[in-house]
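Chain A is fixed; fit chain B onto it per the hints.
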Amino acid sequence: MASIGNFITSSINAFCQPSILFTVSCILFYLVFFRWREKFAEKKTLYWIEGSMAVFILVSCLNPTFKDVVTKPDNIPIVGMLFLVVFFTWLAVHKMVINDRLIDEGKDVENKKEAKELVFTWPDLVFSEFICAIVAWCVLLVWSIVLKAPLEEPANPVETPNPSKAPWYFLGLQEMLVYYDPWLAGVVFPSLIVVGLILIPFIDINPKGNGYYTFKERKLAITSFMFGFLILWILLIIYGTFLRGPNWNFFGPYEVWDLHKLEVLKNVNLSEYLFRSTGLNGGKLPDNPFIREGLGMFLVIGYFVSGTILLQKKWMKDLYEKMGKPRFYILAGLLLSMGALPIKMVLRWMINLKYIVAIPEWFFNI
Amino acid sequence: MASFKEFSESITKSQAWKSIFRHGAPNNARNRVLVVLMNVFLHLHPIRMKKSGVRMSFTWCMGGLTFFLFLVETVTGVLLMFYYRPTAEFAYMDIIALREHVPIGIMREVHRWGAHSMVITVWLHMFRVFLTGSYKPPREFNWGVGVILLVLTLLLSFTGYLLPWDQLAIWAITVGSNMARATPFLGHEGPGASLINSLMGFDVVHAGSDARFALLAGRLVGEATLLRFYDLHCIFIPLAASVLMAIHFWRVRKDGGISGPL
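Residue numbers (this note's numbering), protein chains in the order written: chain A, 2 to 367; chain B, 738 to 999.
Isolated chain A (complex conformation) (with noise of 0.2 Å):
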């Protein structure tokens, strides 16, 4: 029995590495929406993944290290957060489906004769948030009644804790970290979020699907905004609550926190691959950095260039032509910018690289 178990332990824990899982759930966020959105849309297919979560994890609080992640009082609303994210996206993606039938059938979407309809805000719509919050209420007494609010040692500047952790809802930047440096994954791309959120009303120019639900009408604004929120958002902070420890290295659900883990430091610049390996400029990297660093700056600017000319000219020509230059200028370069997460991961898998341009001198890293 027990090497079944341990079997089983080792072989999740293995599975959970970045490399594995993510690719792995970027492939399942590919099926779901693209493949079997009709299947998942059911309600059978909801309480199967909801009701596999709720065994996993109390299953799995019988191994202490889990349990110790897992109900570390500030990690209890991430859980939380977890079945009411698969919740949410699935009632959305049910009523897209809905919707989507109703449209191909060439009738009127759900609750379209409900919108021409008008009721009284009292007691129609404020006795429904009356009861809203009421139950919310609730739920926060009983919570906070059973649950201790956490307090630890006190505040102590020479003393880190390791792993040093930032709160919960930022965990998927400092994930980003291991991908890419602080100027980047701190506070470029946190900004480009926030820019890019607030440009979106002006980039997607699609007037189909205002208020309905409906993924046919408008596949490109659903799959890139569903992909950043559920795996560049969601799936990064649960790999920095639950599957990062000490050192920020990586350790499986099952795995103890090892303070003594040792990750071997393999990670190898393109400059150095350039230089080192072929023996170019005898083996040695050149003083300059642009020299050095000549390769890497062509690719990054070779990837933008190269991947606007390509969205433009081959992949979404229909909506460069509609939506003109400025607009669709942005939307390729916060696509583009989205993209540019996944593709250093790859890398980072796939060939140790650390830095594309690495130029330490100038904090400038990419």
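In short, the hints are calculated from the structure, not lab data.
Even for Gly, the Cβ is constructed at its ideal location relative to N, Cα and C.
A couple of the hints might just be wrong.
[Claimed, not checked] Chain B residues, not near chain A, derived (Cβ > 12 Å throughout):
hint, residue
1, 739
2, 750
3, 751
4, 820
5, 876
6, 903
7, 945
8, 983
[Said to hold, decoys possible] Taking CB as the label site, the calculated pair distances span:
hint, chain 1, residue 1, chain 2, residue 2, range
9, B, 794, A, 53, 21 to 31 Å
10, A, 53, B, 964, 45 to 55 Å
11, A, 307, B, 980, 41 to 51 Å
Chain B in isolation, oriented as in the chain A frame:
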């Protein structure tokens, strides 16, 4: 029962009652209009709305819950301020006292779990608004206001995280604010800082003058940071958020109410 009716009528017909509620019970169309029109809080709502917009399966009530949680945070936060002193000497002890010596001491729990919930509800609210395409014309501006409110919610939670002044607090803020030192041009470990310094001929951007220093009021998370975050948490960000919320709710009304199929 007659006596109960008489009793309740004696109240609702009294001068004091009528001075507060200037119309009858909202059980007919006229009074249902008046109840929203006459009440400063209710009038953030429209008088009538689309039936589709009342449906919980459409709105998920996440925006409403976020606002409710903001109110909970305000009330519990004000109560906590009675006991809490934002100094390195007292902060931690006051939190202990809140837990140990205050009768029914769950205010901090309600405040903390409410804060975490608010972050979650505000995300889900945005998720819903996006998926129903509710940012599309004429609601572009209100979507932008909403994004800023979301950022303010995260900042509220972030600044509040420091106040217990325990290990969890200072190190989370240390890690979270460390990124600011890498701000391009404005952080002393950010790209472009050395360029500015060499252009100026002396160190303009250094650890004692950069973006992180401005955030923390020091080179490290210390007592000055505690006071700064306390001010941001209790006064500055709630005020900014309140103004933006008023705009946000008002614009929901003015942009045609909760979105629905046209």
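> Out of the numbered hints, which ones does the structure contradict?
Replying inline: Structure breaks hints 5 and 6.
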